[in-house]
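Enquirer: Take a look at the letters that make up each chain.
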Amino acid sequence: MKRLLFLLLLAAIGFSACKEEPVPIPDFSSGERRVLIEELTGIQCAVCPKGTRELLRLQDIFGKDSLIIVSIHAASGFTSPISNPPSQNNFTTAQALELGTLLGSADGFPAAAINRKQVDPGSPSLMVTPFTSWAGIIGAEFQKSYGLDLLLENHYEPATRQLDMKITLGANNALPGENRLTILITQDSIVDPQKDGTEIVPAYIHRHVMRGIVTATAGDPIPEALNKGTVVEKNYSFTLPADWVAEHCSVVAYVHHGPVPDREVLQAIEKHVVE
Amino acid sequence: MKHLLLPVFLFISIGCLQGQDNSRLTGNLQTNGNFFIKDSAIGASGTPQYDNLKFGAESWLNLNYSNWGFDMGLRFDLFSNSNLLNPNGGVFVGKGIGRWYIHKEIDKFDFSGGYIYDQIGSGIIFRAYEERSLLIDNALYGLKVGYNFDENWKVRAFAGQEKRQFSTYAANVRGMVLEGFVKPDSSKNFTLAPGVGVVSRAFDKETADRIANTLGTYPLPERFDLKYNTYAATLFNTLTAGDFTWFFEGAIKSPDVLNDAANVAGNNAGSEIQGKLYSGTGHTIYTSMAYATRKFGVTLEGKRTKDFSFRNDPFVVGVQGPLNFLPPMARQNTYRLTTRFSPATQELGEQAIQLDIRYSINKNLSLNVNVSEIQDLDNTELYREITPEFAYKYKRKWQLIGGLQVLKYNIEVYQGKKGYVDAVTPYGEWLYKFTPRKSLRVEAQYLNTEQEFGSWVFGLAELAWAPHWLLYVSDMYKIKHPNPETEEAEKVKYDGLHYPTVGLVYTQKANRFEVAYVKQVEGINCSGGICRFEPTFSGFRVKINSSF
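So the protein lines, in turn, are chains A and B. Heads up, the first sequence is in my numbering, so the first residue is 1 and it goes up one at a time. Heads up, the second sequence is in my numbering, so the first residue is 1001 and it goes up one at a time.
Please note that the accuracy of each hint is not assured.
[Said to hold, decoys possible] Cross-link-like lysine-lysine pairs, in silico, DSS-like; alpha carbons within 30 angstroms at most: (1) B:K1509 / A:K195; (2) B:K1509 / B:K1395; (3) B:K1227 / A:K117; (4) A:K234 / A:K166; (5) B:K1480 / A:K195.
The set of hints was computed from the structure by calculation and includes no laboratory data.
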């Protein structure tokens, strides 16, 4: 009996105050900060479309202008072409592989980097799994702001297929450290086979496919100090290859830290090549 | 890093003082080295290890020291471009103190501090353990205090955070267990070993906020109340009466955040969310009844699990992050082809039964039959295995083991591939002793199936010269489909391929050195029902195990 009383006493002490208030659940609306998602995928990756669908669902919630998606076909071991029906496109370019390596390997798929935030401090990779955790991390990213505005203007000349891009950075706060600018081109709605679950979908619609990188893959360093009130303008030109559909292409530009102290994306912007 | 210096200093200081009576220093070293040789034909390519790094290794050096009533230990862990944490292209680099602990008994009290391994009952509500083949090491980094009421009854309580490689999970864990031993009549062989335990896990603020933000993206009907704490309680007992043993454990868990990557419930309800979090109150009931005599033995196990994933963080899935361990309900097979389709324990819902019967006809011949049946909670078949087996010994000269595995495996649930695998695998093992020190062991298996990649055949020959040398040669061959042009490319991609292995083992007292050239097909690697997919391997493997 003494033993039972002792145990009950211990239990009462150890597990007292079991009643607690629920954690408030936020309702989201798009903030000023935009969030960049770099999704690691591959046409042989059977579970990756599940992640893509989750991102599209989140884009509907957070807003298409606010949640910017880039699909990088560099998922290790899942990028070889499909033979039946045969793949018509090769999304796994040298630049895609280079960017995938820069972001780090994934513990599994679907996997994505969210504003290049280091979610697991113990891992060198920026890739976040499982995909069910993305919504929460994206929500937290929308609640932060570095006070950096980006303006992107595109001019596309169909005859020469030359694309001129003007990026204007406006800092509302001091942003010390090494800042870099990365610009890349995505193409949306490319129809080509994709493994999806247990099936190969012949006419799968590939979304936000990373086609090319205009700057260096690791980003071009911004030599100007970004102090409060600083405005910096950058100009780039790029010729779209013939097999890219300009009407479905977008320019994605983002400012991010250099490798030290982290690689976090401060702000991002996306604009169609042809409005 | 500073916090690691103290245990190292203490250990070295105390070690230097040894030489006193009753001191004892023991240890062991385990090292695995993998040399990756690219072979695109069998799918061994496309990971950093094959493409660039070429070598990966992991090593554990463990030291234990006892003196003055103290037990203490220190373990150095090294991971060099290792693929053990994530075999599918992951590169894990790290080194440091993987474990330290100090333990002391003072009268009826018992204290442990540091990284502690422990479990309550069969582990259903709490198990801190290490399984190196899957790089599971969820030791509790904290403090444990025990008290012995008498020689039969003891209680212990613990608190801390669980280990995550070289850091810890942010959730805080606390628990308590009371265990006893009752023998009502000392003249009869009847005993009870009851126990009761409770565990609580509290999320940290960052995890709670991340869950709340995730729920904020869900439609209102799919949101739920989120709380920091989850509680689990268990009641267990082992009854022994003569040759009969009965273990029973029943556990419940308060509402917890569960991660259903497939979102089966949501899909059925028309939800647009692909994979989702939900809240569930869980339970697990597990029982095992065994009757064993010298000639006859029978074991019957049953288990029902509902919403009993209990993790440090709901966003950490797979083999990492569990606080508990649910007993597996299928036979622990050992042969290469009989382990090809192993069922992973389903934490969110599973009901299973397993029967194992053993009968020794005489001292030379024994028979064994194992039957296991696993279903989900909607009675959908997940796994069924029927394996009759015999073992025949001829004097001390040779021994023959033969069996037939008949299984049905829901490969869609376990591996995300299509449908079911129906497989029949006859297997045999023959051990012949030329002399008491020289022997030959031969294995042969044939896995017959129409599904996944089709049928396989495997053979192994192992020549042993005790006490030092062992040489083995094996090959696993993928039998070609008769009409490959009519099959899907995925199904015939390994047709006609060989996966040979040659290895040499040298043993010197408690030291074992092994070098092998290995080609191993992709598949599921399981340990105790905890499974993960591992890709094809091609290359050399070096293993060193040493105890001192």
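Enquirer: Determine for every hint whether it applies to the structure shown.
Expert: Evaluation of the provided hints:
1. Under the criterion of a C-alpha separation no larger than 30 angstroms, the hint pairing K1509 of chain B with K195 of chain A is inconsistent with the structure, at around 52 angstroms.
2. Between K1509 of chain B and K1395 of chain B the CA atoms are separated by roughly 28 angstroms; this keeps the pair inside 30 angstroms, and the hint holds.
3. As the CA atoms of K1227 of chain B and K117 of chain A are separated by approximately 26 angstroms, the hinted pair is consistent with the 30 angstroms bound.
4. Note on K234 of chain A and K166 of chain A: the hinted pairing holds, with a Cα-Cα distance of about 6 angstroms set against a maximum of 30 angstroms.
5. For the proposed pair K1480 of chain B and K195 of chain A, the alpha carbon gap of about 24 angstroms is at most 30 angstroms, so the pair holds.
Checked against the numbered hints listed earlier, the structure breaks hint 1 alone; every other hint is satisfied.
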